[in-house]
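Here the protein sequences come in this chain order: U and R. What the first sequence shows, in our numbering, is residues 1 to 329, in sequence order. What the second sequence shows, in our numbering, is residues 330 to 627, in sequence order.
These are computed hints drawn from the structure, not numbers from a lab. Fair warning: this is a prediction, and the values are worked out from it, not measured in the lab. For glycine and all other residues, C-beta sits at the position ideal for the given N, C-alpha and C. Worth double-checking, as some hints may not be accurate.
If you anchor each label on the Cβ, the simulated ranges turn out as follows [said to hold, decoys possible]:
#, chain 1, residue 1, chain 2, residue 2, range
1, U, 30, R, 495, 53 to 63 Å
2, R, 480, U, 91, 44 to 54 Å
3, R, 548, U, 173, 28 to 38 Å
Here are the simulated DSS-like pairs of lysine-lysine, each with C-alpha atoms no more than 30 Å apart in a straight line [claimed, not checked]:
#, chain 1, residue 1, chain 2, residue 2
4, U, 213, R, 421
5, R, 477, U, 176
6, R, 570, U, 254
7, U, 274, R, 570
8, U, 145, R, 442
9, R, 585, U, 274
10, R, 516, R, 495
11, U, 213, R, 516
12, R, 421, R, 570
13, U, 176, U, 149
14, R, 477, U, 274
15, U, 281, R, 568
16, R, 421, U, 274
17, R, 360, R, 343
18, U, 82, U, 139
19, R, 495, R, 442
20, U, 219, U, 108
21, R, 516, U, 176
22, U, 149, R, 387
23, R, 387, R, 360
24, U, 254, U, 237
25, U, 108, U, 176
According to the in silico footprint, chain R covers these stretches of chain U (three or more CB under 8 Å from chain R) [said to hold, decoys possible]:
#, stretch
26, 29–35
27, 121–133
28, 193–200
29, 269–275
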Amino acid sequence: METGVAESLPNQPNAQPNVWKEYGSRIAAVVIAATLLLSALFGSFYSVDKTEEATIRRFGAYIETVGSGFHLKLPFVDAVRKTDVTTIHRLEIGFRTEVITKSEPTYKSIPEESEMLTGDENIALVDFVVQYRSADAYKWQYVAKDPEKVLGLMAQAAMRLVVGRSSFDQMATTGKVAAQTEAMQVLQRYIDTLDFGAQLVSVQLQDVQPPQKVLAAFKDVVNAREEKDSTVQIAHKHANQVLPDARGQVARIKNDAEAYAQARIAAAEGDVAKFEALLVKYEQAPEVTAQRLLFETQERVLHGKNVIVDPGSGNNLLKLFQINPPSSN
Amino acid sequence: MSDNRTKTPAEWGKKISVGFIALVVTVFVGKTLFTATIDENEKAAEFSLGRPIRNIEKPGLYFMQPWHSVTRLEKRYMLYDSDPHQIITADKKTLVTDDFTPWRVTDPTVFIKAVGSESSALTRIDDSVYSRLVAAFGSRDFSDIVVKSREEIINSVTEGSRAALKPSGIEMATVLINRIEMPDENKSATYNRMSAERNQTAQTYRSEGNELALGITSTADRDAAILVANAKRDAEIVKGKADAEAAQIYASAYSKNPEFYALVRGLEAAEKAFGSDSGTNLRLFLNGDESVLKSLLK
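Whenever a hint applies, use it, and build me the whole structure from the sequences.
Below you can see the structure in the form of structure tokens.
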């Protein structure tokens, strides 16, 4: 064995590759170790919101459901999946609320969802809302792949079944409450067949409309009904006016007649009184009274008139002033 | 001679590092080659070089020979949602209908052999359900289907399809009918009919209104006329009575002395006829043989 002087490796001019050879493995190891450590660190705890529950899987298999709060878990092998279990979610069918501005939200109509056939072979546009909770975290996550979509389709099917049993008029007016109650019952039955973690809270009909093309005719019915009411009202008004007017007339006629009657009798009584007064005088002194009356009348009659006298058979004009002069014939 | 030096810390470090890296790599490789993890939403079939070995239905970590493979399938219910079909009813009307059903895989090995993939499964389901729907609709009338028989149809289609697809490893929940509608071509006829019905109702309302109004006004007018007519009649009676009474008063007074009455009456008549305001141009012809009175009275 030659024990020569060992070649002094450290003094070789290419020092760079040796850094890697020297330190490469250690650097790599440190990096890997650090990464693993950090992953383990951050992967060993999690938190669950007040409204949530989380399912924990170890090596892929479900082990438990945990409630809200701060929890520890095994890093790398434990997986967490959270679901909101208390908030009530709102599923809109037939329409979508677009923008909620301060005053009024706007809606977009989805005819494919809202157009439904009624029992009397008419077409109604039915908008409704399903309120639900995803109340069981495990079931919501692991029974159905897309539970919200399943719920939406079931809701549509349920409502269509109910609408198919009603007439259009019922759906639009008196039957609304019954329809939504029935739809909820049917939907609950459908949900029960699958048991996928949905908890039904309510089904609410928002709006039942006729199709656009028919809307004018439908509105006209409302107008017609109103017109009928107002026509009848006007007639009543007329009637209420006519009868009192007539009664007023009746009163007037009655009063006029009575006034006439009274006047007539009063006049008769007055005339008769006058006559009877004269009669008394006449009966006391007939010729004198008669003469006096004649003269008085003559005075009044002849006053201011042109009078032509035919002398007649004699010159005795005194005849003129007698009541009953002896006849000259 | 080579030194049998004890290893330096640096060399230890290197060895440890390399060993550590080797360990990590081994774990990862081993995990990949020798294990399979089946997740909670999965079920799987294990194959050895194409030959089926077993189903793995419970999730978890499994040891596996490296030459085995695992085909994973969705364990949860998936949605089959059909496209709209046009189907003819017993009374020769066309309906457009679509349906859906949640379905899932039962036996992974059977499913893979019989069906192969999820999309194939959808096709199978579609065929099975559609043919039964056609039969169910074809034996019932339009209004029957829309109003009464939906649940009946659902039940029979579900039963039949479920039984038919079970051997393929497919489990179906209830088939539900979503839409039952008229084809677009028929819709305008429906719209027209709906409009016409409404127009008729509107017309009826308006006619009823007019009829009622007419009744009310004519009754009121008639009653008013009757009131007035009766009043007039009564008034005439009153006046008549008054006239009669007045006449009676005159008669009983004047009959006390008819001659005197004649005189007074004659004078009155004359005065009325030629009264002081009859006009100053009036000329009176008087006969000297008679009294003014007589002349006047002629």
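Would you mind confirming whether the straight-line C-alpha gap from residue 360 of chain R to residue 343 of chain R stays at or under 30 Å?
Distance ~25 Å between residue 360 of chain R and residue 343 of chain R Cα, so the pair holds.
If you count the residues of the stretch 121–133 of chain U with a beta-carbon closer than 8 Å to a beta-carbon of chain R, do you get 3 or more?
holds (count 3)
Mind checking the alpha carbons of residue 570 of chain R and residue 254 of chain U for me, to see if they're no more than 30 Å apart?
It holds: about 14 Å lies between the C-alpha atoms, which stays within 30 Å.
Please work out if residue 176 of chain U and residue 149 of chain U have their alpha carbons no farther apart than 30 Å.
holds, 25 Å
Within a Cα-Cα threshold of 30 Å, do residue 82 of chain U and residue 139 of chain U meet the stated pairing?
holds, 12 Å
Indicate whether the distance between the beta carbons of residue 30 of chain U and residue 495 of chain R respects the range 53 to 63 Å.
holds, 58 Å
Straight-line alpha-carbon gap residue 477 of chain R to residue 176 of chain U, limit 30 Å:
holds, 19 Å
Residue 387 of chain R paired with residue 360 of chain R [C-alpha distance capped at 30 Å]:
The given pair, whose Cα atoms are some 19 Å apart, holds under the 30 Å limit.
Counting residues of the stretch 193–200 of chain U that have a beta-carbon nearer than 8 Å to any beta-carbon of chain R, does the count reach 3?
Three-residue rule met by the stretch 193–200 of chain U, so holds; n is 3.
Holds or violated: residue 213 of chain U and residue 516 of chain R, Cα atoms, limit 30 Å.
Answer holds: residue 213 of chain U to residue 516 of chain R is near 10 Å, not above 30 Å.
Taking 8 Å as the C-beta cutoff, is the stated coverage of the stretch 269–275 of chain U by chain R satisfied by three or more residues?
holds (count 4)
With a cut-off of 30 Å on the C-alpha distance, tell me whether residue 281 of chain U and residue 568 of chain R pass.
violated, 34 Å
When each numbered hint is compared with the structure, violations occur for hints 2, 10, 12, 14, 15 and 16.
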